[in-house]
Amino acid sequence: MRKKLFLLTIAWRYMSRRRAATIITVAAIAVSLLFLSVVSAINFSLKKNAAERSVRYPLVIGPAESSGIQIVMNSIFHIDKPSGLIPFAVFEKVLKDHRTLNAYPLAIADSVEGTPIIGTNEEYIQSFHVQPVEGVVDLSHTEDAVLGSEAAIRTGFHIGDKFKGSHGMEGDEDAHEHAEVTYVVRAILAPVGGPEDGGIYISYKTVWAIHKDGDHDEHEEHGPEKHKHDHLEITEGKLTSVLVKTRNPAFSGQIEREYSDNSVQAVDSGRVVRKMASYLNKAEILIELFNTVSLIVVTMMIFVTIIMSLNERRHELALMRSLGIGRIKISLIIMIEALILTLAGAFAGVIISHITLWFFNPYIHNLLGISINPFMITGMEQNGILITLIAGQLLAWASMLWVYRMNLVEEIAN
Amino acid sequence: MKLVCKDIKKSFKDSNGIMKQVIGGISFELAPGNLIMLKGHSGSGKSTLMNILSGLMLPEKGTVYAGEQCITTLSEVKRDRFRLNNIGYVFQTFNLLSQLTILENVMLPSLLGTGLIRGHDEVKAREILDSLGLAEQTWKYPYQLSVGQRQRVAIARVLLLEPPFILADEPTASLDADSANVVRKAILGLMDKGAGVILASHDQIFSDITADQTINLEGASHA
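Line order of the protein sequences matches chains S and P.
Numbering-wise, my numbering puts 15 at position 15 of the first sequence, and it's gapless, one number per residue.
Numbering-wise, my numbering puts 90 at position 90 of the second sequence, and it's gapless, one number per residue.
Everything labelled a hint here was simulated from the structure, so no lab data went into it.
Please read these numbers as outputs of a predicted model, since none were measured by experiment.
Ideal Cβ placement from N, Cα and C applies to all residues, glycine included.
Only pairs whose alpha carbons sit at most 30 angstroms apart, straight line, appear in this in silico DSSO-like list of lysine-lysine:
(1) P/LYS39 <-> P/LYS185
(2) P/LYS61 <-> P/LYS13
(3) P/LYS140 <-> S/LYS329
(4) S/LYS48 <-> S/LYS275
(5) P/LYS2 <-> P/LYS61
(6) P/LYS78 <-> S/LYS329
(7) P/LYS39 <-> P/LYS13
(8) S/LYS329 <-> P/LYS124
Chain S regions said to be covered by chain P (calculated; three or more residues, Cβ under 8 angstroms):
(9) 7-15
(10) 325-337
Turn these sequences into a full structure, and let the hints guide you.
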C-alpha cells in the first residue's frame, strides 16, 4: 500500500459509495462542456470559414432581384437556392476586366440526394487549392462530375460511379430527376474544410444542355400551371452568379459600382460576412450568457455533491482526526474527490462533444455550409475546462473550512 | 515517558445554558507500564478526561505533560501529531472507517500519519491481525464483521502503532466473552511492553487486575 495512492483510494471509495450523485455530477459537467464545445466549435468555424471565403472571393455578381446575403450564401456557402439569373456575358466581361485576377461562373439549380450540383469550370475547382484524392479533375465532357470530399461521403459515390441529378434543390417540392444526362464521377477532391467540400461540380455547359428546352417534356402531363417551378431554368447564356477575385482590394469597390444595374448586382462578400458576423456576435453574447449560467449550475452541483459527501461522513472524518490524522490530509482527500469529479466530467464532456461534432458534421455542413474539424479544441472550450477544474478546487477549499471548524468531540460522541 | 496531569478542570453548558463543571481539579501521573482505572457513572467526565489527555479537547485550567512536552499549550496541528505518535485510543464504538478494508483500517494512522511510515508495517499489521484471529478477514469491510471482530480490529490498530499511552473507554462493552478476553489480553500485553494505560470500564473482566491508581470521578463534578 502506497501512502499517496491511499489518499486516492479513500477518495475513490467514498465517491463509489455515493455512486448516483457522483454520476449525476459528472454527467452535468459533461453536458455543460458538450454544449459549450459544440457551440464554440460551430461559432469558430463559421467565422473562420466566412472570413477565408470573403478573402478568396471578395466579389459576387448575382441577380439584382436577390438580396446580397442570399447571393453570398448561395454562391459562396452553397446554402439556400439562387433566386434569379444573370447573363453569361457578365462573366465574360468581368473576366476580361484588367482589374480581375480571376472569375468563376456558377450555375446552381440541381442536386442529387440533397447535395447541390454546381455548374462551373475547372478554374473554380482549382481555386480550392486541393488535389483530388482519386481521379483527375476534368469537366470537358457533359457527363463529367467532380465530387467534394463531404459530397462523396454523403452520396457514397466512388470513381466511375454513375448517377442522375434532380432538377431543383433539397426541399423543393417539385424536384424531379433529369433523365437527359447520366453523370460519371471523374474525381473526388481532398477536404478543403469549407462549403466547397459539400458540392458536386459539373461544367456550366452541361447545366445549359440539361435545361436547353427551358422546361421538361416528362412533366407535360402535369399541365402548364405545374411548370411554375420553385427552381430555376438555367438556359444557355445564363448563370446564377459569378465569383470574382480582384487584383487589388481597391478594385472591389469600383467593380461593385460599375457592375450593378437593373438586372445584376455586385456584392462585396466581406461586407456581407461582417454583417453576418455582427448578427453572430449578438447571438454569441446570448450563448456566452447561457454557458455562464450552465457553468454556475454545474459549479453549484459540484459544491452540493462535496458538501453532501462531507455531511454523510462527518463522524468518519472526525474519527480520522481523533486518530491524529491532520486536517491537511483530510482536506487533500476532499480535494482529490473534487479533482476526480471535475476531471471525469471534463474528460467525458470533451470526448462526447467531439464525437458529437464528428457525428453531426455532415448535418452541420448541410445546414451551415461549413465543415468543422471535430477534434479541434477552441479557446472557449479550453476556458470551460479550466473554469470547471478551478471551480472544483475552489469549492473543495471552501468545503475544507468546514473540516477545519469541525467539533471533533461532538462528532465522535455522535 | 510519563503522562502528568495537574489540576485539570473542565465545564460545559447544560441544556439550560448554565455552566456545569464536569471535571474539577484532577491531578495524577501515569508511568510507563502502569494502569489507571477511571471510575464513575455515565456522564461523570471519564470520556471528557480522556479527550483532554489525548489533546482532542483543551481544559479550562490545568496542564497535561507527556514527558517534557506540555500538550495543553500545543497548537491543534501539533496536538494531532502528538495523538498520532503517542496515543492509542480504544473506543467503545470501535470507530472503524466503513469504506476501508480491515487491513486498511489497521494501517490508517501509519498510512496517513506524518513520519510514521515503516517498511514492515503491512507485514506487521497482517501478523497482528493473524494473532487476533482475523487473518481471513483482512480484505473484508467492517460491516462484514461481528461486533467482537470489529473491536479486535480497533485493538489491532493500536497494537500496530505501539504508542506509549493507551486510552481505553469501555473497550469491552457489548463484546462476547471471547472477544473481551482478546481485548483484555492485548491491553495487558501493551502494558508489559511499557505502555501506560488509562482504562474506563464497568466490565468485570478487568476486576482481577490491580490498578496502580484508581480515580473516582463521582462527585468530581459540581453544578
